[in-house]
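Visitor: Residue-level listing of the chains:
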Amino acid sequence: MSATATIGVINISDRASQGVYEDIPGKACVDLLNEWILTSFQVEYAVIPDEKDQIEAALIDFCDNRNCSLVVTTGGTGPALRDITPEATEAVCDKMLAGFGEEMRRASLQFVPTAILSRQTAGIRGHSLIVNLPGKPKAIRENLESVFPAIPYCIDLIGGSYLETNPSEMKVFRPKKT
Amino acid sequence: MSATATIGVINISDRASQGVYEDIPGKACVDLLNEWILTSFQVEYAVIPDEKDQIEAALIDFCDNRNCSLVVTTGGTGPALRDITPEATEAVCDKMLAGFGEEMRRASLQFVPTAILSRQTAGIRGHSLIVNLPGKPKAIRENLESVFPAIPYCIDLIGGSYLETNPSEMKVFRPKKT
Amino acid sequence: MSATATIGVINISDRASQGVYEDIPGKACVDLLNEWILTSFQVEYAVIPDEKDQIEAALIDFCDNRNCSLVVTTGGTGPALRDITPEATEAVCDKMLAGFGEEMRRASLQFVPTAILSRQTAGIRGHSLIVNLPGKPKAIRENLESVFPAIPYCIDLIGGSYLETNPSEMKVFRPKKT
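Protein chains in written order, with this note's numbering: chain A, 1 to 178; chain B, 1 to 178; chain C, 1 to 178.
Mixed in with the good hints there might be a few duds.
Identical copies look the same in the list; a pair holds intra-copy or inter-copy alike.
Restricting the straight-line Cα-Cα distance to at most 27 angstroms, the calculated cross-link-like pairs of lysine-lysine (DSSO-like) are [what the hints assert, rightly or not]:
| # | residue 1 | residue 2 |
| --- | --- | --- |
| 1 | Lys136 | Lys177 |
| 2 | Lys176 | Lys27 |
| 3 | Lys171 | Lys52 |
| 4 | Lys52 | Lys177 |
| 5 | Lys171 | Lys138 |
| 6 | Lys95 | Lys176 |
| 7 | Lys136 | Lys171 |
| 8 | Lys136 | Lys176 |
| 9 | Lys95 | Lys52 |
| 10 | Lys136 | Lys52 |
| 11 | Lys27 | Lys52 |
| 12 | Lys177 | Lys95 |
| 13 | Lys171 | Lys95 |
| 14 | Lys52 | Lys138 |
| 15 | Lys171 | Lys27 |
Hint data in this document are derived by calculation from the structure and do not stem from the laboratory.
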């Protein structure tokens, strides 16, 4: 394992991928990672449309070829016809982690009752953890900060890179060995 | 889209479908809808036994032929052998909304620890939202009022009819466009 | 149904099955059952490795041949490569009870943010309820006591043995017939 971790950020949006919208969600993720993570990491980045095949191909590439220990996606998690990110995530994962979706919805429910419409999930592919985030920057922060305390330990368990955070910005948890 | 919305109510119960029990759960749903919804709507109604094929056929008919923007089912969501409503719902839906089941169980847990035995879920078929409710009238109100604030916006997102409620009875939420 | 209930305890652990670790989790489960349950019951017991085929075979044997009304497993529910207990559970169950996993993760989240990494679930096979528990004894208690109030009634609903508890140690809930 190299000393520098790789983290993937994929903005899934028909309009951002066509250049109609500025790619604000992807940039919001990178800003949060820079704010929280102390250890050296590089970012792999993509903006792609809400097409299941293209999302699956990007996730596989980021996990298998670019060795991302963590891949976060933004967008495509709602109930609308074109929202297909959770299905693409499940299609490429070895195992799913239902607790991420539960906790992110619980975090969002403090702000909006429509949080129950989010189908966000998370899962493991090989040595990579994939986490779906919403598309709105404010919601991205609320969601990612609700689950991030468990992410570095999860990556330890699946054999990914060791991540340390700045505890004054983001306190993560690793159980003591027993 | 016609100005008048259509909402389906399906009571799933072996005994109610045989006339052994009075159909109280279905009527309780209609009463709640009348109490909360201001915009014009008509109700499609059925009482059917706990048979997977018949539940699927009724759901498909209500969604595809009768153009229901919302279909609520009552009953058949427990752990017993004949409880098959969630499986029938999943079989006809394009996508599932796990947050509905989570929130309804959380609402019921305030009253009874056996709320975790409920397998209620929700999902989208075309332009229709299907929501499973329990069979007991008191629990129907607790459950439906816990998720209803998100239902009109969900129906907007899937291209169904626009529903407005009486905010003094049921306050719903639609995010501001960004 | 015999007057004496049968409860299965399966410790799923590569190292415990090889004798590298002492089987503490399985014993912790038996201690809790003895502490809480008043009615007569006998325990079926096994320690097996994290192999999907072997877990499935043990679950089927405990449910179908040994007539366990309840089977609790310990271990194998995390995100690591060898953690396969939830998949084996789902493979042998007729129906899944998502509320158990939600409630156990919620209980553990009061103590550790990494609770969202647990993939614990529960399901029904015939007249048996199967519940996945974590591998650490402290977490076993926290998790099992969060869902146990619903377990005897669940077993009633699926035609298993009638369990009564000592209410000063574990208060269970059965709804009044309506």
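Visitor: Give a verdict on every hint.
Guide: Going through the hints against the structure:
Taking the closest pair of Cα atoms, lysine 136 and lysine 177 come within 27 angstroms of each other only across two copies (11 angstroms); inside a single copy the shortest separation is 38 angstroms, beyond that limit. When the C-alpha separation of lysine 176 and lysine 27 is checked against a cutoff of 27 angstroms, the pair qualifies only between copies, where the shortest distance is 22 angstroms, while the shortest distance within a copy is 34 angstroms. In the homo-oligomer, the alpha carbons of lysine 171 and lysine 52 never lie at most 27 angstroms apart, since the shortest distance is 34 angstroms inside one protomer and 35 angstroms across protomers. Within a single copy, lysine 52 and lysine 177 get their C-alpha atoms only as close as 40 angstroms, which misses the 27 angstroms cut-off; across copies the closest is 26 angstroms, which meets it.
Proximity of lysine 171 and lysine 138 under a CA criterion of 27 angstroms is satisfied in both settings, with 20 angstroms inside one chain copy and 23 angstroms between copies. Taking the shortest Cα distances, lysine 95 and lysine 176 sit within 27 angstroms of each other inside one copy (25 angstroms), while across copies they are farther apart (36 angstroms). Within a single copy, lysine 136 and lysine 171 get their C-alpha atoms as close as 23 angstroms, and across copies as close as 23 angstroms, so both meet the 27 angstroms cut-off. Proximity of lysine 136 and lysine 176 under a CA criterion of 27 angstroms is satisfied inter-copy only: 12 angstroms between copies versus 36 angstroms inside one chain copy.
Taking the shortest Cα distances, lysine 95 and lysine 52 sit within 27 angstroms of each other both inside one copy (19 angstroms) and across copies (14 angstroms). Within a single copy, lysine 136 and lysine 52 get their C-alpha atoms as close as 21 angstroms, which meets the 27 angstroms cut-off; across copies the closest is 39 angstroms, which misses it. In this assembly of identical chains, lysine 27 and lysine 52 lie within 27 angstroms of each other by CA distance solely inside one copy; the values are 22 angstroms within and 41 angstroms between copies. Taking the shortest alpha-carbon separations for lysine 177 and lysine 95, only the intra-copy value of 24 angstroms comes in at or below 27 angstroms, while the best inter-copy value is 35 angstroms.
For a Cα distance limit of 27 angstroms, the shortest separation of lysine 171 from lysine 95 inside one copy, 26 angstroms, qualifies, whereas the shortest one across copies, 35 angstroms, does not. Taking the shortest alpha-carbon separations for lysine 52 and lysine 138, only the intra-copy value of 25 angstroms comes in at or below 27 angstroms, while the best inter-copy value is 41 angstroms. In this assembly of identical chains, lysine 171 and lysine 27 lie within 27 angstroms of each other by CA distance solely inside one copy; the values are 22 angstroms within and 34 angstroms between copies.
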